[in-house]
Structures are given as C-alpha cells and as structure tokens.
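Starting from the structure of chain G, add chain C where the hints point.
Going down the list, the sequences are from chains G and C. Read in numbering that gives the first Met the number 0, the first sequence has 85 at position 86, and its numbers run on one by one without any break. Read in numbering that gives the first Met the number 0, the second sequence has 81 at position 82, and its numbers run on one by one without any break.
Since the hints were made in silico from the structure, they are not lab data. Keep in mind that the hints are not guaranteed to be accurate.
Since the list can't tell identical chains apart, any single copy or any two copies may satisfy a pair.
[Claimed, not checked] Calculated cross-link-like contacts (lysine to any residue; reagent style SDA-like; alpha-carbon spacing at most 25 Å):
#	residue 1	residue 2
1	Lys291	Glu107
2	Lys28	Leu102
3	Lys398	Thr277
4	Lys24	Ala363
5	Lys206	Pro348
6	Lys335	Thr260
7	Lys335	Tyr46
8	Lys291	Arg243
9	Lys291	Thr48
10	Lys24	Gly355
11	Lys398	Leu368
12	Lys351	Ala383
13	Lys291	Glu361
14	Lys398	Glu147
Protein chains: 2
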Amino acid sequence: MKLIEGGVCAAKGFTAAGIHCGIRKSRTKRDISLIYSQTPAAAAAVYTTNLVKGAPLTVTREHLQKTGGIARAVICNSGNANTCNANGIEIAEGMCALTGKALGIAPEEVVVASTGVIGQPMELEPIAAGMPKLVRALSPDGSADATEGIMTTDTVPKSIAVEFELGGKTCRLGGIAKGSGMIHPNMATMLVFLTTDAAIAPAMLQKALSSDIANTFNMVSVDGDTSTNDMVTVLANGMAGNPRIDAVGADFSAFMTALNTVTVALCRMIAGDGEGATKLLECRVSGASDEKTAKTVAKSVICSSLLKAAMFGADANWGRVLCAIGYSGAAVDVNKVDVSFRSAAGEIPVCKNGAGVPFSEEKAKEILLEREIEILVGLNSGEAAAAAWGCDLTYDYVKINGDYRT
Amino acid sequence: MKLIEGGVCAAKGFTAAGIHCGIRKSRTKRDISLIYSQTPAAAAAVYTTNLVKGAPLTVTREHLQKTGGIARAVICNSGNANTCNANGIEIAEGMCALTGKALGIAPEEVVVASTGVIGQPMELEPIAAGMPKLVRALSPDGSADATEGIMTTDTVPKSIAVEFELGGKTCRLGGIAKGSGMIHPNMATMLVFLTTDAAIAPAMLQKALSSDIANTFNMVSVDGDTSTNDMVTVLANGMAGNPRIDAVGADFSAFMTALNTVTVALCRMIAGDGEGATKLLECRVSGASDEKTAKTVAKSVICSSLLKAAMFGADANWGRVLCAIGYSGAAVDVNKVDVSFRSAAGEIPVCKNGAGVPFSEEKAKEILLEREIEILVGLNSGEAAAAAWGCDLTYDYVKINGDYRT
Chain G
0 MKLIEGGVCA AKGFTAAGIH CGIRKSRTKR DISLIYSQTP AAAAAVYTTN
50 LVKGAPLTVT REHLQKTGGI ARAVICNSGN ANTCNANGIE IAEGMCALTG
100 KALGIAPEEV VVASTGVIGQ PMELEPIAAG MPKLVRALSP DGSADATEGI
150 MTTDTVPKSI AVEFELGGKT CRLGGIAKGS GMIHPNMATM LVFLTTDAAI
200 APAMLQKALS SDIANTFNMV SVDGDTSTND MVTVLANGMA GNPRIDAVGA
250 DFSAFMTALN TVTVALCRMI AGDGEGATKL LECRVSGASD EKTAKTVAKS
300 VICSSLLKAA MFGADANWGR VLCAIGYSGA AVDVNKVDVS FRSAAGEIPV
350 CKNGAGVPFS EEKAKEILLE REIEILVGLN SGEAAAAAWG CDLTYDYVKI
400 NGDYRT
Chain C
0 MKLIEGGVCA AKGFTAAGIH CGIRKSRTKR DISLIYSQTP AAAAAVYTTN
50 LVKGAPLTVT REHLQKTGGI ARAVICNSGN ANTCNANGIE IAEGMCALTG
100 KALGIAPEEV VVASTGVIGQ PMELEPIAAG MPKLVRALSP DGSADATEGI
150 MTTDTVPKSI AVEFELGGKT CRLGGIAKGS GMIHPNMATM LVFLTTDAAI
200 APAMLQKALS SDIANTFNMV SVDGDTSTND MVTVLANGMA GNPRIDAVGA
250 DFSAFMTALN TVTVALCRMI AGDGEGATKL LECRVSGASD EKTAKTVAKS
300 VICSSLLKAA MFGADANWGR VLCAIGYSGA AVDVNKVDVS FRSAAGEIPV
350 CKNGAGVPFS EEKAKEILLE REIEILVGLN SGEAAAAAWG CDLTYDYVKI
400 NGDYRT
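Next up, chain G with everything else stripped away, as it sits in the complex (with noise of 0.2 Å):
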C-alpha cells in the first residue's frame, strides 16, 4: 500500500468540484461541493447518534434505502446545517433533485450532506442558481476545491488517498474530511467523504465501513458535543476492475486495511485541526481485561477538559489521567495503572501501579511543548488495547465558539 495524490478523486472515474454559490456572504469561501461517479456505486454511510438529525441525513438514508446501497453523486454545502428548519427535508429534497437533474441521474442517486449553523432559515435558490457552474467544475483535479467547500472552521483541508490491491488489480481509496468543532465519539462525528474504485458488494461496504469506524472517528472527540449532522460515507464504483467483494475474506481484509490507513490518518488530521487546538493528543491504552475497557478510558483521557488544558501548558499534570481513568465507567484496578508521556522528543513514566514516580519537570516539559502528543495507559490487567484522539483546550477553542453566528 502506498500514498498518493488526488483526495476524493484518487480513485478511477471520480471527479469532484467545489465553488461559491452564495449561501455564504463571503464570496472568497467555496460554499458547495460536488463529488460524482461515472458509474454507479455500491455506497454506505454512518450517521450521527444524536436524536436531533440534519435533514440531510434523513433524506440520504432514504436514497441509499430506495436504490438498495447504491449512489452516483454527493452534493454537500456548509455555512447552513440545514437542521432544526421547518422546511428541512423539503430543502434537503430540492438539493438532490437539482442535483440529479445537472447530472442526468435519479435524485436518489445523490447523497446530501449540510454543515454550518443550526436553525437558520436555508434557501433553495443560490444553490439552483450554482449548479449549472458547480457541474461544469467537476474535473478529476477537483478534489482540493471540494474539501474547500465543505470547510467550516477548519483551518486546514484534510484529504488523504492510498493504493493498494485486489485481485492482482490496482484500487484506490481516498477521502476529504471536514470537522473541527462539535466532535465527539458514538457516531460519525464530522464529514467524511470517500470514494474508491474497488468493487465491492454494498452490503459488504457497509460492514466494512461501521466496522471501521468504531475504532477511527468514533474515538475522536475535540469538544464532547456530538453533532446533529455529521455523517461518513463511502462510494466504491468497481471500475478498478478486481473481482467484487462478496463475503469476508482475504480481499475483504485486505479492503479494510485500506480503509483503516485512511481513516486512521483523516481521525488524526481532525483531531489535530481541533477548534483553537495547538497539538493533536493521541491516548493508547493497553493492558485492558477487554477491548471496551480500553476504549472507554482512552476516550474518557481524551475528553477531560482539565488534561486538555493541562496538554495546552505542557504540564505534565498526569493526576488529570488518573482522574479521567477513575470516573470513565470502566472497570479498572485503579492501582496497577501505569502512564508515560511520549512525543519526538521522547517518552517519560510519571505513574506507576497507580501512584507518582520522580520524573524531570524540564524533560517532560520538553516532551510535551511538540505538536503531537501520545498518554500512555497501561492498564496491567490483560491483553485489549485501543486509541483515542483529541486536542488541546486552548483560549482560541473558547473564542472560536463564543460568538460562531455572528
């Protein structure tokens, strides 16, 4: 397996734009993107855990239920969530039907995806208005204008493609993601769009994909707020011309190691892009009786508010750890927990079997002023192991949503 270049349309047969139609004020900001298949393609998607849902997901979960897993386009806007509107679904409903008739495909072959403020009033016409231009910017090259487009507070676009085989076929699997507020594990916690040109039945993309994500976005968190709209979704067209993946297997594994080295690097690309964020926390736990411990505590270190701001002073305030272990839910003998910090400037113990060890302040002060940060637990307990993702907590988190609508 190797990197390359393209994004969103690394794989064969994708192509992608991203353009300003107007629904943001600002016309410097690409505020609608379009990713579309040749062909047909076996899709899947994972939508957020929260009760109040996007319109959008609603409306995409019909089309992948009507056309049984299969989809040809992904029209997604930001600067309006198009959530918590009366006309929600109507306006949900519109985009993929503008979109399927630019592109001359059913509107149920379109995945439709918002992004932005909640409960703002969201109008039909910039977007029928940028159509016509959106669709002629589709380009094989389009995949950093497309990741532009679904941006909101981002500061970065985060976009990622690997090769790999099947069959003794060349695949590609690439993505473009957005998300930097709003983002906590138990669902789809941002926008993630991938495409790959390996063919593989829908249902086993669906496995494929809710498989994956409970150890990838799902142990994100920059914020604990699960959003009302995210969602993640895979579209694979075939046209890489392995044989389809049916069942479970080598080709299955191999699909998913794919997938995983994708996701892995957008998870990280995310959480580092945190909102006010200043470093990306990585917390592996291991020594776990059972891989459920192991999350929930890696998720539980990664999610206190109190270590995050610890992280953004490079105080190596490992109480905070012991805290967050001991009020996750999880089962653990508090007493056998162990915890370093590691980064490229080296690693240092500070707690053993559940208590203080003497460590050089100036050594892990120099550990924790790098940009990427991993807490290691030890839970000493057995053989489960698992990741989390997080940022810092930093004033910039605070001003960046203490006045986001206006």
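Below, chain C alone, put in the same frame as chain G:
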C-alpha cells in the same frame, strides 16, 4: 426560615478556624481548616464516584463506620489532594491522630479531607507544627477563616446559614464550600462542610443528605471532570434541643427543606465561581416524562462546551441547546422541544417545537449579557422537572488549567 450569618459556626456549639501551616508556600494563604463540635454529633457523608479516591475519603468512611455515624471534628487542608500517593492513608490517619490528640477526642471522631494537586508527596510535619495554633484559633467567629483554608482556585468564599423551627425549637443549619474546577455531576463534586444544631439520628441524617445531593450537588458541573477527592459532610450535634428526628415525617421534611435551601445556595455559588466563569448558568427543564429524563437533559445542556462558550459570548445559539438535548441519551421527542433564555433583563423564546422562531438578536444579547442566565427547556411530554447549574467556558478557564501545578 430565614438567612442568618455565621456559616459553619451558625449552629450552636460549633467553632471553626483556618490558618496557614506551611503546606502551601505562600504564607498569605490559609491552608488548613478545622471545624469542631462541643458535643458528639451525628455525622453523614457522601463521596466521589471516581474510582480513584483520595486517601482522606477512605479514612473518613472507615471512621464513620467505626463510630456508627458520630463525629466531633472536621480537618481539611488545601494545597495537596493527598491522592495517588503511596503513603496517603498513613498521612490521612496521621491528620486525624494529630487532630484527635489536640482536641482530646478519638481519631475516629475526626472527618478528614484534602484538596489540591493529585500525586504530590505530602508531609505531616507542617500540620503537626501548626495544630496547636489551629486549635487555639477555634472560635464561633471562625467560619470565614475556615472557608479560606479550604479554597483552591476559588475566587470567592462560599458560605451560608439558615434558621428554622423543629418541634418548637429554633434550629440552625449552615455550611461552607469550596469548588471551582474538576466539578461534575454524579458525585459529591466538591468539598462541602455542613453543621446543624438540630437533633437527628445518624441514619436519618445520611438519608437526608443522600436524597438532597441527587438534586443539588450532583446537578452542578463546571468542566465535566469528576474529582477524586470531594465530599459533602454534615454534622448534627442536637444542641438546639428539638425532639430528635428518628423517622420521616413533618420534622424530617422541615429539616430537608432547610438543608435544600443551604445546598442550592452553595450549588449556585460553586457554579457561579466555576474556574474562569463570568456567568452562572441554570438550566431548568420542565414537561419531562420522568425525573430521570429531566435531569439527564438539564445536565447535558449545562455540560456542553459549545453552549458554555456561546454563553460567554452572549450568543443566543439555541441550536447548541437542541444539540445537547439530542445527544444526552434521554428519549426525548425533539420535535416538541421549546427553548427560552431568561435573565434579569427579561425572557426570550428562541425555539418552539424543535424549530427556530424569529427573535430579536438585540434583545437576546441584552438578556445574555447578564451575570445569571436561565436556559428554559420545555419538553412538553409530561410533568417532571429538574434544574442543573453550571457556568460559561472562558479564556480564563484555559489559563487557570493550562498551568495549574507550576
């Protein structure tokens, strides 16, 4: 019932003191407090639910078990949590032994607590050296000093007392509290020391306390972090001479009302003094199908980092209220949810039946610029209600916690 002065010494027969003994380097900060009852008092306590528990909590629990719920004194230091230390139990028992010896009471009659940094070595020497001075300082006017001695990042002392009637006798109940960060529902989330001269059996006192905290201290959240060390304790020495409360009934209800008045006031003080807070937030949920739903929703709203940041910015971003309700885990019909913001400057409805309603941004801003904000959530699905208290998320929270230890 009326408010009176005196805090933790308002009840007959209680004295208190707080001095600097040397646990903290700053000589101007009191770091140890003592509360003393002239006569043996019924004692009850509730403890953190964090699996990582401070050694003082373990020792206090053992003491109250040994004495059958009787105590004479409370000793509490700030500056060191005495948690995750190899010799924590020894230190906490040493504190009780020193206190018992100085007061001429059994070590088991002493309740012990500590607050401060976790996992730092702690020495008994400063406490031993300061004990004679601390005991000499005991005074009916000592509540303010004792309050100071338990403060950490608190910016204001927290104290209140009430006078009420039981069986024709005038009784008093008062208390002091500390708590500013690492505060979250589902435990005694702070240090609260209550005293009363009402006569009440230990079992009834524990029943009153355990029942009360479910609606008070467990409904306060500053940062979502559940501390390792905090507890709420109440001593009742019976010196008011009322007929002892041995069962539920009118007197028990009157006692519960007095207790609730004191604890709600302390909850509001703690939430309003949340680390870095500029605003007290109170979420009042009504129309819930049951109390658990009401509580779950109220807590989820008060804990949302995004909403807390919006309140800091006086931004009426009600979508974040709906979002927090949606991910709370409660089974809520989101299409029936109404939301209003209220403060001394008025009340403004912003969401009706789960969708936005037009409102004056100017008026909303005026309401949200006040120091105390109510977030009113109507679920329109039943009769149950609940309240939760929290605060806004500010630059100063990050500053305070970015480098707390050094």
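Query - Hints that the structure is at odds with (numbers, increasing) - result: Hints 1, 5, 6, 8 and 13 are the ones this structure does not satisfy, whereas the remaining hints hold.
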